[in-house]
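With chain A's structure known, arrange chains B and C on it following the hints.
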Amino acid sequence: MLRQVASRGLAVLRGAAASQRTCAARVFSSSSSDLHEQIRRLGPLSREYSTALNLHRNTTDNNPEVPFEFTQANLERVKEVLSHYPKNYKQSGIIPLLDLAQQQNGGWLSISSMNKIAEIVGVAPIRVYEVATFYSMFNRQKVGTYHLLVCGTTPCMLRGSRDIEAALLKHLGVDRNEVTADGKFSVGEMECMGCCVNAPMIVVADYSNGVEGFTYNYFEDLTPERVVEIVEAYRKGEKPKHGTQNPERLNCGPAGGLTTLLGEPKPPPCRDLSAC
Amino acid sequence: MAPRCRRYPLPLPRSSTGSGSRRFSFSPVDSSSAAESGVAGSTSRALHSGVAWYAGIRGKFYEGKQSSDFYKWGSGLSLGGVRHARVASMAAVGAKFEAKPEDCIEVSVDGKDVTIAKGMTVLQACEVAGVDIPRFCYHPRLSIAGNCRMCLVEVEKTPKPVASCAMPALPGMKIKTTTPLVKKAREGVMEFLLINHPLDCPICDQGGECDLQDQSMVYGSDRGRFIEAKRSVVDKNLGPLVKTVMTRCIQCTRCVRFASEIAGVQDLGVLGRGGAEEIGTYVERLMVSELSGNVIDICPVGALTAKPSAFTARSWELKSTESIDVSDAIGANIRIDSRGPEVMRILPRLNEEVNEEWISDKARFAYDGLKRQRLNEPLIRSADGQLEPVSWARALKTVAEAALKVNPDQMAAIAGKLSDAEAMMALKDLMNRLGCERLWVEGNGEDTVADLRSNYLVNSTIAGLENTDACLLVGTELRIEAPLLNHRLRKAVRNLRAKVGVVGPETELHFKAEHLGNNAEVLASIAEGKHPFAQTLSKAKFPSIVVGSGVLQRSDKEAVLAAVQTISQNANVIRDDWNGYNFVLLNAAQAAGLDLGFVPGSRATVGDKSSIKFLYLLGADDLTPEDIPVDAFVVYQGHHGDRSAYRADVILPGVAYSEKEGTFENTEGRTQQTSPAVPTVGDARDDWKIIRALSELAGVKLPYDTLNGVRARMLAVAPNLFRVDELEPATPLPKESLPEVKAKLESSPFKRAIENFYMTDPISRASKTMAQSTAAFSRS
Amino acid sequence: MAWRSKLSQSLRELRIHMCQTSVASKATREFVVKNYKDLKTLNPRLPILIRECSGIQPRLWARYDYGVERSIPLDGLSEPEINAKLEELVETAPQSKTPMHA
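Here the protein sequences come in this chain order: A, B and C. Take the first sequence: its position 3, counting from 1, is numbered 3 in my numbering, and each next residue is one higher. Take the second sequence: its position 150, counting from 1, is numbered 150 in my numbering, and each next residue is one higher. Take the third sequence: its position 68, counting from 1, is numbered 68 in my numbering, and each next residue is one higher.
With the rest of the complex left out, here is chain A (with noise of 0.2 Å):
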């Protein structure tokens, strides 16, 4: 329920907010009612960052009564982290403990997990959940086992991300930050990931192997329908080829082969090297 408020909050926005922003000037020359018709339809505006809320619920399956423990390779991971940081200085490894114990629990953090965590690096939980709210990469609700963020930023945007999360969430029958019945996948939205020169482009954050198997790979110059084929692949638990979709590219390199840069650079014409 909390999640269709918050995704339908967001689809307002990337819809009616961003056209409606940009004729505020004509939003103060016309009448009161139409002033008011446009605030009523610019929706919620509190950005949700996360797949939660602010606040934590109890529910059968997230409370701090369900156990949460690091296992017994994942304690020596734990011992890694904190040897990085002094010893007074423990709870600087929170994040990436909170990394590992997401990886470990499936795609989400508990409530268990956080206290653990707060357990381990000595403070207070509150100190913990401060930075998990703070990390939109830290779910604090159940995600798929293949977790897909769409980026949402402006070239990605241009280049056609929504039909691309239009297109997941057709074939995969969900909203925004829903997992699917049988729990595979769920879809995201995110930030720029600099990766703009690809655009549009997803990733596939894939819990399905634990922490040693965990990947977290870019699928770029994509297509809907191609989107829909990489999710298929996911499914029959094939690993389809990351990095870019686009078969005439080269990483980053344009379609069709080099087109600038072809021989070795020459020195640039005004400064004389030798004399730096």
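Hints in this document: simulated from the structure, not taken from any laboratory. No experiment lies behind these values; they were computed from the predicted model shown. C-beta atoms are modelled at their ideal positions from N, C-alpha and C, and glycine is treated no differently. Any given hint might turn out to be false.
Unchecked claim - So the derived label-pair ranges between C-beta atoms look like this:
#1 A:GLN72 with B:PHE192: 34 to 42 Å
#2 B:PRO749 with A:LEU75: 35 to 43 Å
#3 C:SER71 with B:PHE311: 53 to 61 Å
#4 B:LYS157 with A:LEU261: 25 to 33 Å
#5 B:ARG723 with C:SER71: 31 to 39 Å
Below, chains B and C without anything else, positioned relative to chain A:
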């Protein structure tokens, strides 16, 4: 040119402790405890980044001056600006001392040159120069967050406006606070703050005393540029005392810092980020602290307001009266805000020596008890057992007749927890003149020795307890018995990493303390030097012992006090420049009662209550009806129809602390006076006047009939009670001058002195708010 | 000094006022330091209230039966003289009588 040093505000060690510059001397931060100390250990983002950044600056600033005290002071700052907070707080009260020229720097504020101490911030420099800087997140007693940006000022040769609260002042800085750039910057900040702040001032309880409202009058615009709907935030449940309207919150994080740094409860945090940022506990949880009400005062907007007084009054309708709190023995300075005959709220008043600017929840919220269960006319129990109203003359005559019928040895008088010194003086004189010597004050025990003031006072002084580096608590739950003293000890633990050991009931003090055990054997083994904590105390520079007055209820109290005496001697707790022997009293009346000698005189009967035929209760309610002999004539003089009133044969209505001018002495021996804020109830009279009138009818007329007359009489008994707002230190006698104690320690455990913090006296027992708090917060 | 054990017979309460630091109170302080133990051991039930207050005149107060009080200023007196004054207060205790039946 050598800096010209004026007198200027800086933290000054109390002269009574005579410890020179010790407050400044901190060894570099020990790694393990830095993690425990609230702020450095905090991952709250605003806090963390601000403090780390600040500490970094400080490190550079003091590079190469390792020998000076100020260097150490600077490095102490990595504990989270706590040192700094003290500078600021002292600046606020204007404590003065002459600083060495090399510790001064000169800066200019709006063209005016001021000399300040090294390490002060730009904001403090402006304060010294008398320039008021608007601020929301900055609070002198809390660490620096630097997140509201309202305190922006211009500093010459810096490209951007500077957040003055977080920027250390450097020599020769030219600070400008009135330039167009500053105005524009602050207007920008204000506009951002108001994007999401609701325009509900007309229905907001903070209206009229709101920082945001006030500052928007200076820096706010008359219209907004944002058409988006304002965000709304889910209200948090902080219990029956603090009302939250989180939509009004501007995320200054003062409450978060207060909770973790002052109250010591790590429950509040900043959740989410950006436009979705909010203050909360994340999980369903109440903030359980005896000081929780103070977040109402530090909240600069109407996000946290007082729940009991919600929607009852506007700040400008209220009459303020400066008074003293009587709910515990700390004597916190308070301001009683009243409207007509009604107390509307109680706020703390600044007194660095006593309560700083905090008060406990009981002091703040028990006032609604002043309206309930009040006694407003003299009553006499008639033949059918019912109490019926009578005239004052008849009531007093009945009491006088009853008193004269009884042999003086069969009389007794008990002063209650809230009695003022004047009433106790008059009652003592009256009973003495009638020949009765059997007197005691509730909480002091029936046969307490009141000879030496140093034996029953907090000798280190309340503020001085901050300086201790090892403390032994004996038979006390300090957090419950004296929350503000516990806060001072907490400061010592945070700032000086004081080691605290507890002998007594296991209790949460909100700081790191070692529970050594709850029996007299532990005490004996410390006294014999066998226990490791004995070494901790002996090694400490400023060792202290805090004994709870709960031990006075023990049958082996003399032995316990003797053991404590031995410990204090072994660890050199009492010496010329430091007296760390502290006895914490529970009730407001106790110290003055002991000073006045409101104790059994020689040859008085003690113990056996069955012989009592005439019992005078001055607001005393701790005796259960079973303790009082059936045939005794009981007079109850007080303001509340509490427990003992049900047993009384005659009830004489007195007045509560909010209605009288009374002298109280707090647990450190400081004399303070309450002032009447509201009129008396019904036919009630000042307590000392009732006793004076009674003395005339009893044929032993007391030789005073004015308040000053009573006080002059107090001067002849305990002259220190005449020195209002002053602390008369008590000199301890050397051990050789003290009589030997033959009593033996018993093995029984120390009992809790207070079962329920929220209900300890007739006023708080009558308070609905305190009943709700009991239900919400009590430990059982 | 047999009178010392009679202290609690004739007195109901003894109060000693003095200043913590002043020269005038020095002898009084000495008297307290030297004699308190003895007085208290002999009269364990007698309140000997030592009240310090800066700048006050050192003074001995005795309270007898029925609230009768007497006081003697102590400034300028030596420690043995103070002792003598105390003895005087004990020896000259008023006859106890109940004022209400008088």
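Each hint tested on the structure:
1. The hinted window of 34 to 42 Å between A:GLN72 and B:PHE192 is violated, with their beta carbons roughly 50 Å apart.
2. B:PRO749 and A:LEU75 have their C-beta atoms about 41 Å apart, which keeps the hinted 35 to 43 Å range intact.
3. The supplied range of 53 to 61 Å is met by C:SER71 and B:PHE311, whose beta-carbon atoms lie about 58 Å from each other.
4. Between B:LYS157 and A:LEU261 the C-beta distance comes to about 45 Å, which lies outside the given range of 25 to 33 Å.
5. The given range of 31 to 39 Å is broken by B:ARG723 and C:SER71, whose C-beta atoms sit roughly 19 Å from each other.
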